[in-house]
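Make one complex out of these two single chains by using the hints.
These protein sequence lines map, in sequence, to chains A and B. All residue numbers for the first sequence refer to my numbering, where the first residue is 1 and numbers rise by one. All residue numbers for the second sequence refer to my numbering, where the first residue is 275 and numbers rise by one.
Think of the hints as simulated: they come from the structure by calculation, not from any bench. Glycine included, each C-beta is placed from N, C-alpha and C at the ideal position. Accuracy of the hints is not assured; some may be wrong.
In silico lysine to any residue, SDA-like type, Cα no more than 20 Å apart, as pairs [unchecked claim]: (1) B:K307 - A:D234; (2) B:K281 - A:T104; (3) A:K215 - B:M275; (4) B:K281 - A:V127; (5) A:K103 - A:S228; (6) A:K65 - A:L235; (7) A:K222 - B:E276; (8) B:K281 - A:E123; (9) B:K281 - A:A242; (10) B:K320 - A:D20; (11) A:K32 - A:I243; (12) B:K281 - A:P249; (13) B:K307 - A:M233; (14) B:K320 - A:R217; (15) B:K320 - A:K65; (16) B:K320 - A:A221; (17) A:K222 - B:L322; (18) A:K215 - B:E276; (19) A:K103 - A:R125; (20) A:K9 - A:D20; (21) A:K222 - A:T210; (22) B:K320 - A:D234; (23) B:K307 - A:P249.
Label-pair distances were calculated between CB atoms; the ranges are [claimed, not checked]: (24) A:I117 - B:E295: 46 to 54 Å; (25) B:N303 - A:E197: 49 to 57 Å; (26) B:T329 - A:E197: 45 to 53 Å.
If you want the footprint, here are the derived chain A segments under chain B, 3+ residues with CB under 8 Å [as the list claims (entries may be wrong)]: (27) 62 to 74; (28) 123 to 135; (29) 212 to 220; (30) 225 to 231; (31) 234 to 241.
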Amino acid sequence: MTLVPVTYKGGIYQHDIIIDFIEDLGGYIVQKHIIAAEVVLQCFVPREDIELISRIAKPLFGEVKDSPLVGTEIAVVSMSLEIHHLPHPSCDFAEYARRIGAKTNMVSPARGPGKRISQLSDEERDVINEHDIAVIAFGNFESCIEYKWPALRRGIDVPIIVMGGPDTETLRRIIHPAADGYVGNVGRFMRRGKTEEEIGILDEIVAEVTRVIEKKREEIAKDPLSVSPARLMDLIREHVPAIHDVTSPLPSQCRWRDSGLNCRTIRLPGTYGG
Amino acid sequence: MEGLRVKLPYDTFARDLRRIEIEDGITLNDVAKVIPSRMRDYILIKILPFSETNTVV
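If we strip away everything but chain B, and leave its shape as in the complex, we get (with noise of 0.2 Å):
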């Protein structure tokens, strides 16, 4: 609900998912962290709420 669950390796993927651009040059690193996740070598994508970031997109 509040973010996604990744099912590739954490280091291998986690810049390239930081770098992903969504709009307007804000990528995703600007309004989600990318954790690594206690289940297996999953990524863990907890997304900002809008208080924290000031953007909506």
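Next up, chain A with everything else stripped away, as it sits in the complex (with noise of 0.2 Å):
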């Protein structure tokens, strides 16, 4: 039996009849989101089922649909924290990516700006290779790009997906040892991306990045996983019962002044972590 990663969509009325439904084909949730009266399921199913799923969904006016990021997890890596560098390319994709069912973490090196300067410390590379797949959002200069990758590659062993200003042939040119994929034309820019253009962008990236991982999960398929991580997560769900009170990144205390400015801190019930 294949599992593959898809998204269920639709009314929140009798949802819980496609949880069961698809729970009993074998198939995991991987995350339920109900946002007003939409449910959104991300789950993997058996790839024989989909068109049953389908069929049931369709009285609910559900839809399911692939998606292959489903269960992945993605390093945005940004040369630095600043206004300068990070927030619009970087938070555009990781915004879009979770939408379509990717985990994303923003990952910014210390020492990421500077031409000659920028590099990787320890730390940084060790949390970028803890995801399946890094992303690293270059600038809009080639020289700077030529200079900066060998440092910021170093110790890397998670395919790297390279973004920056310069088209995508040029950037193949000038990325030596090559990266997993290249996407051009998409620098520094200082506003949201809102434009049909610029979201067509995103849709590149995107592709990249699904491109890559369905590469990476048939390497895994030729020498099969002992266990598979959803069936692992449902396991953890029902033998750990403190994973249902995570609330992290979520501080798990929290400090106030009250009426008389006393410092007060309080334990949030049930928090772990943070």
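Written out as structure tokens, the structure reads:
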């Protein structure tokens, strides 16, 4: 039985029927979002049963879509956390990828900026290596990318996709050793990407990420995992009840000053970590 | 894709996670590595491939 990642979108009415049905078929619900009267389920279902689920969902006005990024964790590496580098291209992509089921984390090297001095620390490298794929968001300058690339990729053993200001062909030419994917014409810009053209570029990045992820999935399929991650997630939910109380990254303690300006601390009920 | 990130403190919960029985006496520790994550105090579970464990559950 091959499980494939899909997204179910439908009304809240009787959505538990779909959840039970997916679980009965041997699938797993990875994430469930309830937004107003709509339910979005990100799940793994048997490949041969997708049509059956679509048929069951039709009277409930639900639809099932392929969602290859469900269950993947992407590191979006931005050169710094400052306004100079960070917000728009990196956040636009991070948010866009989250909408289609990926988990994205922003990683920003402490010494990211600077053509000759940029580098990656040991901790930053390890954090990136914990992800399935890294998307490195470079700036606009060709020579800068060419200089920075060897230092920033050192030690990273997950597939890397490079996005930057120059066009894709130029990126291919200047990047040595080669990356796993390239998306050009997406350098720094100082506004949210709202136009059709900008959203088209986000689609291009998603397509490139999907291509690399599919390639990685094929490689994993040659030597399959001993247990499916989705099944393990289900087991952890069943055996470790504390996981239901996790509010991370919300802190486990809350501090405030009361009306008498006394500092008070409270541990949030049932929170771990933070 | 090849593992899980559990957002619980490693010191408190790692032992409980390792003991989880998956099927027929096979525990999580037999098919995966439970290691501390570099991100906060999370736990990282890396699932081992078939070639290393000789089991698929």
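Against the structure, the hints:
1. Restraint check for K307 of chain B and D234 of chain A: satisfied, since their Cα atoms lie roughly 17 Å apart, inside the 20 Å limit.
2. Straight-line distance between C-alpha atoms of K281 of chain B and T104 of chain A comes to about 15 Å, which keeps the hinted pair within the 20 Å bound.
3. In summary, the hint linking K215 of chain A to M275 of chain B is supported, as the alpha carbons are separated by about 12 Å, within the 20 Å threshold.
4. Using a Cα cut-off of 20 Å, the hinted pair K281 of chain B and V127 of chain A holds, with the two alpha carbons roughly 15 Å apart.
5. A hinted pair counts as satisfied when its Cα atoms are at most 20 Å apart, and K103 of chain A with S228 of chain A qualifies at roughly 18 Å.
6. Restraint check: the Cα-Cα separation between K65 of chain A and L235 of chain A comes to about 26 Å, which exceeds 20 Å; the hinted pair is violated.
7. For the hint linking K222 of chain A to E276 of chain B, the alpha-carbon distance of about 13 Å falls within 20 Å, and the restraint holds.
8. Proposed proximity of K281 of chain B and E123 of chain A is supported: the alpha carbons are some 18 Å apart, at most 20 Å.
9. The hinted pair formed by K281 of chain B and A242 of chain A meets the criterion: a straight-line CA distance of about 10 Å does not exceed 20 Å.
10. Taking the CA atoms of K320 of chain B and D20 of chain A, the gap is about 29 Å. The hint is violated against a cut of 20 Å.
11. Between K32 of chain A and I243 of chain A the alpha-carbon distance is near 15 Å, which keeps this suggested pair within the 20 Å criterion.
12. Proximity of K281 of chain B to P249 of chain A is assessed by CA-CA distance (about 9 Å); at most 20 Å being required, the pair is judged to hold.
13. Distance hint between K307 of chain B and M233 of chain A is fulfilled; the C-alpha atoms sit about 14 Å from each other, no more than 20 Å.
14. Proximity of K320 of chain B to R217 of chain A is assessed by CA-CA distance (about 16 Å); at most 20 Å being required, the pair is judged to hold.
15. For the hint pairing K320 of chain B with K65 of chain A, the CA-to-CA distance comes to about 28 Å; that exceeds 20 Å, so the pair is violated.
16. Distance restraint check for K320 of chain B and A221 of chain A: the Cα-Cα separation of roughly 16 Å lies within the 20 Å cut-off, and the hinted pair is therefore satisfied.
17. Distance check on the hinted pair: K222 of chain A and L322 of chain B sit about 13 Å apart at the alpha-carbon level, within 20 Å; holds.
18. Distance check on the hinted pair: K215 of chain A and E276 of chain B sit about 14 Å apart at the alpha-carbon level, within 20 Å; holds.
19. For the hint pairing K103 of chain A with R125 of chain A, the CA-to-CA distance comes to about 18 Å; that is within 20 Å, so the pair holds.
20. At most 20 Å may separate the alpha-carbon atoms for a hinted pair to count; K9 of chain A and D20 of chain A meet this at roughly 15 Å.
21. For the proposed pair K222 of chain A and T210 of chain A, the alpha carbon gap of about 19 Å is at most 20 Å, so the pair holds.
22. Using a Cα cut-off of 20 Å, the hinted pair K320 of chain B and D234 of chain A holds, with the two alpha carbons roughly 16 Å apart.
23. Simply put, K307 of chain B and P249 of chain A have alpha-carbon atoms about 24 Å apart, too far for the 20 Å limit, and the pair is violated.
24. Separated by about 51 Å at the C-beta atoms, I117 of chain A and E295 of chain B satisfy the suggested range of 46 to 54 Å.
25. Between N303 of chain B and E197 of chain A the CB atoms are about 51 Å apart, so this pair conforms to the stated range of 49 to 57 Å.
26. Restraint check, T329 of chain B to E197 of chain A: a C-beta distance of roughly 51 Å satisfies the suggested window 45 to 53 Å.
27. Under the rule that three or more residues need a Cβ within less than 8 Å of chain B, the assignment of the stretch 62 to 74 of chain A holds, with 3 such residues.
28. Counting residues of the stretch 123 to 135 of chain A whose CB lies closer than 8 Å to any CB of chain B gives 5, so the stated coverage by that chain holds, three being the minimum.
29. Figure legend: the stretch 212 to 220 of chain A, annotated as covered by chain B; annotation consistent (4 residues with Cβ-Cβ distances under 8 Å, at least 3 required).
30. For the stretch 225 to 231 of chain A, the proposed coverage by chain B is satisfied: 5 residues have a C-beta within less than 8 Å of a C-beta in that chain, meeting the threshold of three.
31. With 4 residues bearing a CB less than 8 Å from a CB of chain B, the stretch 234 to 241 of chain A meets the requirement of three and the coverage assertion stands.
Checked against the numbered hints given earlier, this structure breaks hints 6, 10, 15 and 23; the rest are met.
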